[in-house]
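Student: The primary structure of each chain is shown beneath.
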Amino acid sequence: MEEQPGLSDQYRTASPWPVFVALGLVLSEIGVFIGLFPVAVFGLILFGGSIAGILTESGYVTRPWPTLVGVGVVLAIIAVGLAVAYVPTADITVANIGSGPVLTRLVAVAVAGVVMVAMGGVGSVMEQTKV
Amino acid sequence: MAVGDLVLTGLMAVLLVGIIALLTRIENWRSYTPLAGGGTATGEDAAVLNREKPAGIIRWLTTVDHKDIGLLYGLYGIIAFAVGGIMAMLIRVQLIAPGGAILGANAYNSILTSHGITMLFLFGTPIIAAFANYFIPLLIGADDMAFPRINAIAFWLLPPAALLIWAGFFLAPVTENMIEPAQTAWTMYTPLSVEQANPGVDLMLLGLHLSGVAATMGAINFIATVFTERGEDVSWANLDIFSWTILTQSALILFAFPLLGSAIVMLLMDRNLQTTFFAVEGGGPLLWQHLFWFFGHPEVYILVLPPMGLVSLILPKFSGRKLFGFKFVVYSTLAIGVLSFGVWAHHMFSTGMDPRLRASFMAVSLAIAIPSAVKTFNWITTMWNGRLRLATPMLFCIGFVANFIIGGVTGVFLASIPVDLVLHDTYYVVGHFHYVVMGAIGFAVFAGIYYWFPVFTGRMYQRTLGKAHFWLSMIGTNLTFFAMLALGYLGMPRRYATYEFDGAIAPLAQVSTFHLLATVGAFILLVGQLIFVWNLLQSWLEGPKIEDGDPWNLERDGMLDKEWEWYDRKLETAITDGGEDEEQSALTDGGKPKSDD
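First to last, the sequence lines map onto chains X and Y. Residue numbering for the first sequence follows our numbering, starting at 1 and increasing by one per position. Residue numbering for the second sequence follows our numbering, starting at 1001 and increasing by one per position.
It should be emphasised that the hints constitute simulated quantities derived from the structure, not laboratory data. Treat the hints loosely; a few may be bogus.
[What the hints assert, rightly or not] Capping the alpha-carbon separation at 25 Å, the derived lysine to any residue pairs in SDA-like fashion look like this: (1) Lys1327/Y / Glu1563/Y; (2) Lys1067/Y / Gly1549/Y; (3) Lys1053/Y / Gly59/X; (4) Lys1053/Y / Val61/X; (5) Lys1053/Y / Tyr60/X; (6) Lys1562/Y / Glu1572/Y; (7) Lys1570/Y / Gly1141/Y; (8) Lys1053/Y / Ser58/X; (9) Lys1322/Y / Leu1268/Y; (10) Lys1327/Y / Pro1258/Y; (11) Lys1545/Y / Leu1390/Y; (12) Lys1067/Y / Gly1231/Y; (13) Lys1067/Y / Ile51/X; (14) Lys1322/Y / Lys1053/Y; (15) Lys1067/Y / Ser58/X; (16) Lys1053/Y / Ile51/X; (17) Lys1067/Y / Gly59/X; (18) Lys1067/Y / Leu1388/Y; (19) Lys1562/Y / Asp1144/Y.
Everything numeric in this text was worked out from a predicted model, so none of it was measured.
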């Protein structure tokens, strides 16, 4: 049974990932800085996912999922760290999300991180059960 | 607000599903673990590497080939040049009348800001990257850039950056002017840029930040490529001059652009998160000027060094002589690169800074004239007693040298504190740097496009149109920007949307005459550039095909560089694969026997 080769296997000088790495970075910046929650979460996920994809494709890692989990963990740690350092503990409540310039942005980054960890975990498990 | 969030979330979800669908269509993820499917090495080989690139639009969206990316950069640069050029024409038409002919003050400020940023960040840097991407690997005998994928990422950051920088123009009509184009001028001086509440400024700053990220990624890639990917026969001793200038430029980018990025983030935080980096109670507004110009002055050399490299490469080819004093041209490039970080405060002589500091910056600024003059004299000496061929690329090279002398000498005057205090913020400064950015950098870019047009397209451009483009550009440039020098002497301040002076303060009649002359020059430039675009498009589609890999007859002087050798090999293989062989075999197989009948 012959495998259908992926684009990057079939063509030596083509890769689908750079466009999405760039788009992910752009949307993350816009989302986080302007404070658009959905754009920030989506942009960061796209960015992390594309990094996992491009690293796998170019052979730096063998499977994308650990990278995705890694990027997610790093983002979540950064968000939590900044929240602990710069937001008064009393203000960190669910009711306060959406008000205040810093907390909402940090929550967006943390949510993106958690989603990536979940995606990476699920992907990893699915891959192993399929084989 | 809630509705807006919902719409955004829906939009993002649709985008996510779309991207995943697209990726699974063009990229089968299972192929990453081929052994899992029981595929063998031989089975894989049969399916892999059928062709180098996919077809159609997907080819351009997914390419990591340095030549394709070079062409994408070129297309992007020319579109940005057109947009920036139209903005320049609007500025010039506005200033025909002292009261302003077509624009309100806000519109004028927006267009002035975008013109500067577009030309410097969206045309200047990318068009240089276009040449560098296409030719550095060819010139140094590399297969591709050191990091082809990072190369593609760097390019794809630029289109969104442009959209963000221009975002205010698109969003103002649909948001009822809630989001307007930035009116900060390209220098974004604080406190003005902090106090403009308009979110369009944030979008522009984000776009600038992204273009800086792109430039930095490109620079790292060029440094790695020149250091590690050189062919066996290319050493530091025989590295070509264009690669030297790109290497120096990349080093400047590596030190300058991250600083711009940081300063922009600080400005964004001052605007949105109530920090006080540039507030009076914090770092002070002058801090911005220091940070900005610590980037901004090296940026000038980031833009001018590679075009100087282009001229140093192309001019000898049409002089029939090797570049005079090659080593010293390289040394002067490196010297300019180092000195460029020690002159930034000459943009700030009139801010009331410490006079002792001012004097030291004046000394270093004047010192830059020395390596610049070394280059100029070497170009002139290369042409001296040479066998000059005045083809279009050569005309643009000579135009470069001529305009660079005027642009450079006016710069020496401005570097002197007493002169600067009089001329600061007048049209003299505008004339000075336009002589360099249009008269020199623009001309070198044109020279490069004409010189390598056969490599890009396989065809030759139309010579008469090329020469018309040169002469219209040369006359237009000198008329427009010399008038600006004169306007500066008359005391006309830069950036003004109108100039209805009291006759007792400034000679209004002369000022409006010179503004009129500058506008006439701009129209001449416009006609020249229209001819250029027409020539480019028509010749690409219909120009005479190039037969051999030496269209400029460089073999005779022993100056055929590696890129032309590569091009010749490409032409030969193309003919063997498709054209002549097939025809012959067709003849032997089917044709002849039939005609014999």
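Student: Evaluate each hint against the coordinates.
Tutor: Evaluation of the provided hints:
1. Lys1327/Y / Glu1563/Y: 22 Å, holds
2. Lys1067/Y / Gly1549/Y: This hinted pair holds, its Cα atoms lying about 17 Å apart.
3. Lys1053/Y / Gly59/X: 19 Å, holds
4. Lys1053/Y / Val61/X: 24 Å, holds
5. Lys1053/Y / Tyr60/X: 22 Å, holds
6. Lys1562/Y / Glu1572/Y: 15 Å, holds
7. Lys1570/Y / Gly1141/Y: With a Cα-Cα distance of about 14 Å, the restraint between lysine 1570/Y and glycine 1141/Y holds, given a limit of 25 Å.
8. Lys1053/Y / Ser58/X: Roughly 16 Å separates the two Cα atoms, so the pair holds.
9. Lys1322/Y / Leu1268/Y: Answer violated: lysine 1322/Y to leucine 1268/Y is near 50 Å, above 25 Å.
10. Lys1327/Y / Pro1258/Y: Given that 25 Å is the threshold and the Cα spacing comes to 30 Å, the pair is violated.
11. Lys1545/Y / Leu1390/Y: 22 Å, holds
12. Lys1067/Y / Gly1231/Y: Given pair lysine 1067/Y, glycine 1231/Y holds - Cα atoms ~18 Å apart, limit 25 Å.
13. Lys1067/Y / Ile51/X: 24 Å, holds
14. Lys1322/Y / Lys1053/Y: Roughly 38 Å separates the two Cα atoms, so the pair is violated.
15. Lys1067/Y / Ser58/X: 20 Å, holds
16. Lys1053/Y / Ile51/X: 22 Å, holds
17. Lys1067/Y / Gly59/X: 23 Å, holds
18. Lys1067/Y / Leu1388/Y: Roughly 31 Å separates the two Cα atoms, so the pair is violated.
19. Lys1562/Y / Asp1144/Y: At roughly 14 Å apart (the allowed maximum being 25 Å), aspartate 1144/Y and lysine 1562/Y satisfy the hint.
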